[in-house]
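Trainee: In case you want the letters, here they are:
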Amino acid sequence: MSKSKISTFQFFSMLFLTRLLTTFTYIPSYTKDIELSDLVVQAVLRYLICVVMMIPVYFLFKRNPDMNILDIVRNKWAKGGKILAVFYSAVLFYFTVTTVSRLDLFTGTIVFPETNVNYFLVFVILIGCYGAYLGIEALGRSAVLSVIPVTAALVFIIATLIGKIDFLNYTPVFYKGVLPVFKTALNAAGRTVELVMITLAIPVASGKKTKSFFIWIFLQALVTASLFFVEVGVMGNFTNTQLFPVHSLAALAKFSMFGRLDPIITGIWILCAFLKVSFLLYLQGDILHKEFENLSKKTILAGLGALSSVICLYIAGSVQRFTVVDNSLAKLIATALTATVIPAVMLVLNRRKKYE
Amino acid sequence: MKNSWFKKRIEEITVQDEKSNKEKVRVSADLQKNKAYFKQQLGESFDVKYRDCTVSGHDFVFVMLDGMCDHLLITEQIMFPVINTDFSDTNGDSIVYKAADGVSASIDKSITSDIDKAISEMLSGNLVLMAQGAQFAVLFGVQSFAKRSPDEPGTENQERGSREGFVENFKDNIAMVRRRVRSPVFKIKTLEVGTTSKTRVCVCYMSDRTDGKLLDDVVERIKNAQLDIVAGSGFIQPFLDDKKASVFTCVGTTERPDVFTAKLSEGKVGIIVDGTPDALIVPHLFIENFHSLDDYLKRPYYAAFVRTLKIISFMFSVFLPGLYVAICTFHQEMIPETMVFGITSQESKTPLPIVAEALLIHLVYEIVREAGLRMPKAVGHAVSIVGALVIGESAVTAGIIAAPMLIVVGLTAVSSFVVSSLYEPVAVMRFTFIIIGGMVGIYGIMMGFAAVLVNMASLSPYNTPFMSPLSPTKIGAWRDLVMRESWVNMGKRRMEISKMK
Amino acid sequence: MNKIIVAVVVIFAILFSFGGSEIYKNDISNRLIIQGIGIDKEDDGGYTVTLQAINTSTYSASVQESGSEETVKIYKVHGDTVYTAIKSVVSFEGKIPLYSQNRVIVIGKATALGGIEGVIDFFARDAHNGPSVYVALAENRADEILEAKNSGEVIADSIDDTIEAAQYNTGIFKLELYELVNRYRDSEACFAMPVLSLEEAEGQKIVQIKETALFCNAKLKSTLNGDETSMLNFLCGRVYNGEFSYKTDENEKVAMSIVNCNVYRTVKILDGTPHYTVKIKLSTDVAEIYNGIEKSLDRQRLEELSQYAENYLKTESEKLLSKLYEGEVCDAPGYSRLIFQKYPSVYRDNEENLNALMAKSRYSVEVEVKIRRVGHEFVKTL
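Protein chains in written order, with our numbering: chain A, 1 to 356; chain B, 1 to 501; chain C, 1 to 382.
Read the hints as simulated data drawn from the structure, not as lab findings. Hints are not guaranteed to be accurate.
What the hints assert, rightly or not - Going by beta-carbon spacing under 8 Å, a handful of chain B positions derived as facing chain C:
#1 GLU192
#2 THR196
#3 THR329
#4 PHE330
#5 THR338
#6 VAL340
#7 PHE341
#8 ILE343
#9 THR344
#10 PRO353
#11 ILE354
No experiment lies behind these values; they were computed from the predicted model shown. C-beta atoms are modelled at their ideal positions from N, C-alpha and C, and glycine is treated no differently.
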């Protein structure tokens with residue numbers, strides 16, 4: 001990992017915004033097995049699962065505060081470090097593609113339903129590459145600044161709609177059982193690429209990392225649960241008929257004579273998309289540059305940008321291709337492997353070495 | 001791409017400026033040789049005057065630039081004492097020393113053996129005295145040339161505060177600053193920039209609070225600036241700016257000595273360039289574009305109000321046209337019911353797409369603005385009449401543009417002058433956002449905004465983040481961000497820019 | 001090299017802006033901005049869709065040119081489905097319809113009787129159709145409502161203002177699209193919808209809302225008059241402002257203006273039967289007492305007035321509950337959801353036939369009326 005340092009506030013602001021994007025653009029098909037009120041329950045549960053998933057990482061980094069998972073692996077086995085670097089890059093690349101594809105699905109459905117504006121996603125990737133090129137300090141600072149408008153938009157939605165909540169819209173908790181709620185929460189935790197980001201980039205953050213992590217988790221759970229609470233209370237069953245229910249919720253938020261402020265509110269979410277794509281590309285660029293030093297960061301980023309553009313353009317033309325790529329199980333496996341299993345293995349190996 | 005096609009084309013029509021490696025030429029003991037050297041270097045310039053005289057059997061020559069010296073001072077304070085000095089028992093180099101001693105101590109005097117330096121000083125308005133047999137020349141500071149008296153700066157209007165502004169002469173500028181900082185901590189380093197112009201540049205700082213590294217960095221950059229002529233402070237500005245490309249500059253400018261002094265008191269470094277009234281200040285933060293001296297002279301609540309107004313105006317001037325285009329093209333649902341009929345019916349009459357209409361009218365506005373800036377004052381009124389009537393009303397009547405678009409342009413134009421220091425980036429970004437808004441709507445504008453934001457966040461001139469104290473967040477500095485604390489509290493502890501790193 | 005790339009991009013962007021591109025079909029000037037949609041089902045199974053769109057040939061005052069003075073234009077199109085019907089307008093108008101400014105969907109009676117399932121899908125699916133667009137039922141045909149003119153001017157272009165009045169008038173039941181879909185997806189698909197009717201008085205036509213339609217299984221079942229609609233609003237907890245009036249035993253007619261209203265709904269299952277309790281807490285002002293000017297408003301008098309109001313509201317709302325549930329008409333207040341929330345197992349067991357469960361339930365209404373203000377006391381002097 002590069003030697004640049006950012007504060008934990010900046011780091012977790014970035015993670016806060018990147019995770020919010022996933023919340024804003026969630027699709028009800030992910031939660032089809034549970035009732036409406038369970039959305040709120042699983043919103044809290046998923047973050048508890050995230051905490052549990054991060055336990056190996058916590059102990060591993062307690063011992064090696066200035067090394068990320070790849071550095072730790074490289075120390076033990078240089079070739080293994082290379083293999084893992086490519087694997088982590090591939091995982092991050094997969095998440096980049098799914099993020100951009102979902103964003104394209106979102107904009108194609110909501111903003112440009114009548115026009116083919118595929119160049120928008122190329123634009124997104126281009127700006128993402130630029131952000132990645134500028135480095136983590138720039139991204140961290142941008143994240144802190146972006147938190148304000150994004151939070152303001154969120155508060156606006158909740159504040160304007162809280163009066164429209166109908167308590168009859170809530171369903172009994174665990175109506176379909178505990179297991180579907182747990183499964184949904186687990187899938188949601190699997191879509192949390194931020195856990196992988198922490199595994200790779202936490203040494204970059206300077207400050208009280210554990211405390212900041214828990215504050216992040218708490219705020220994330222609070223925001224997500226509040227959003228779902230308002231969403232279910234206001235829209236009820238209408239939630240499950242919409243491809244992007246949070247956008248429909250934003251469409252209901254009125255202020256004075258302005259009836260439809262959803263383009264502005266959802267436009268602000270684009271800041272989250274930018275940060276997510278940039279950070280993912282930055283991490284990939286950083287990892288690959290360290291392993292393949294003969295390639296400059298610029299070249300690597302350009303290559304990643306071009307490749308992801310081609311793949312995303314291919315996926316953009318078809319909802320079916322999107323559903324194939326955006327696979328919850330694949331994401332869960334990828335996240336679990338990179339954020340939990342591999343760190344756990346390294347923890348065990350390190351402990352064994354210490355014992356020996 | 002060192003030998004790229006474009007570079008070769010540049011090399012075809014330009015000449016590399018090389019620092020002179022000329023050997024030092026000593027002042028000759030032969031007065032005629034010295035005079036001949038002067039004439040060889042300066043040619044037949046009519047303003048170079050040579051005044052010969054013989055005193056006590058020794059030949060002297062006074063060399064000066066007509067129009068840059070005070071002749072009365074020369075006659076009374078220099079020539080008269082020299083002519084009345086007895087040099088009969090003096091020989092060689094001591095002649096010039098005795099001549100210098102005879103002149104009043106109130107006149108700046110220096111002695112040099114370098115004839116090129118003597119020429120250079122003579123060209124700066126000094127009087128050069130050389131004598132037969134002496135291998136030194138005496139330089140007397142007798143500059144007097146036509147200069148502007150301090151006047152209120154045209155680009156930085158304030159309601160309260162002094163009406164003084166910097167002038168072209170750097171000594172007068174330094175004097176204005178000295179009057180405001182009567183403390184030995186205010187120091188100046190003088191440098192020469194420009195191979196041909198040899199413009200004097202004063203690097204000003206306060207020794208008890210300016211970071212040594214910052215000062216050294218600034219001095220180094222100025223020294224390494226490869227320039228032939230320095231026609232204004234803008235020539236030096238790029239050398240002081242952050243290396244990353246950005247529409248925003250990390251170098252502040254001011255024409256006001258009070259503002260200059262206040263910035264220096266924060267530990268910043270100021271640069272005064274001879275021949276230009278614009279002083280430079282580094283490092284310059286983004287938020288400072290919204291601060292003005294009036295904020296500190298008025299009540300804090302009003303300062304907060306005005307700063308907020310400036311920030312809103314800045315947002316309007318950058319985003320309003322792009323947002324209007326985006327809303328009318330992609331997000332028509334945002335238009336309130338009461339306005340949709342008016343906007344639709346008027347926009348449907350215009351021949352161009354909305355994005356083209358916006359680009360066209362903003363281009364016309366920039367033309368009118370630029371014309372108003374360059375046009376002689378006598379005909380300036382004609383421009384405003386042409387702009388308002390011809391472009392405004394007639395264009396709408398003829399159906400070329402719609403009235404809502406005109407309102408947008410008007411509001412944008414007025415807003416852009418609230419923060420005039422940011423006019424350059426605002427003008428460029430405005431056009432960019434209009435095009436982006438027309439292509440990909442509000443989402444594109446937000447992506448563009450994100451790109452600008454990350455670019456600004458990446459700037460760290462002199463290790464000071466450009467977006468400080470917003471990001472990285474320095475809560476302590478928020479006492480003077482948008483809200484300002486009263487001087488009763490703020491005066492207890494001063495802000496230092498080195499703490500922003 | 002970088003400068004060349006930037007120059008090329010800028011030139012391309014400018015050419016793109018000034019040149020032709022399919023994006024310009026999205027320009028507001030190239031769109032047919034629809035403000036109202038009416039849907040009537042025809043005998044052949046197809047739909048007649050009436051579109052009320054902004055008439056952009058009307059000039060603003062500063063431009064002098066003769067043209068139509070009407071601000072809206074009416075289009076009547078036919079198609080097998082709602083979407084195909086609306087899209088066919090392009091063939092003669094040359095502009096693509098824009099739904100995001102649509103304010104009201106009016107459904108014809110024939111359509112409602114047959115079920116609105118096929119009609120609503122397009123509006124819920126299309127992203128530009130706002131979820132807060134109003135849905136209303138036409139007394140007869142939707143096109144009659146949208147086409148109605150007064151002195152040559154279309155009167156129904158502000159039809160949504162009429163529905164918006166629900167926040168000031170308890171006699172109007174407001175329904176937005178997202179609320180409709182929310183209730184539609186319940187197992188019995190019961191909901192209420194305002195009914196638009198054309199009234200003619202002294203040669204002038206006006207669009208009024210006098211009734212509320214009741215739907216069950218997404219089909220029109222019955223209607224409620226104005227007073228019943230008020231009670232429905234109370235039972236649904238949708239009273240914000242408005243008024244109600246009642247008669248006292250002394251034959252006085254008292255009008256109360258509602259300041260604040262809170263409704264609490266609970267259910268308990270006793271001996272296998274759901275017992276619903278609806279508590280209505282009102283804060284009102286006395287607006288008018290007709291035929292009671294001789295009496296001064298003292299404490300006892302105020303208590304009497306409160307009592308009458310409470311009795312009136314209790315009686316009328318219980319009457320409505322009886323009509324809705326015992327007649328197995330419609331679970332418009334959504335009370336079956338209370339069972340779902342509190343007794344999910346009971347709900348699960350009765351999911352196939354909820355109406356029967358609701359019919360056998362017991363309903364009681366408790367009303368508490370507080371009189372906040374009485375205005376100026378008007379007493380006849382001797």
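Trainee: Starting from the hint list further up, note which numbers the structure goes against and sort them upward.
Mentor: Result: hints 1, 2 and 5 break, sorted rising.
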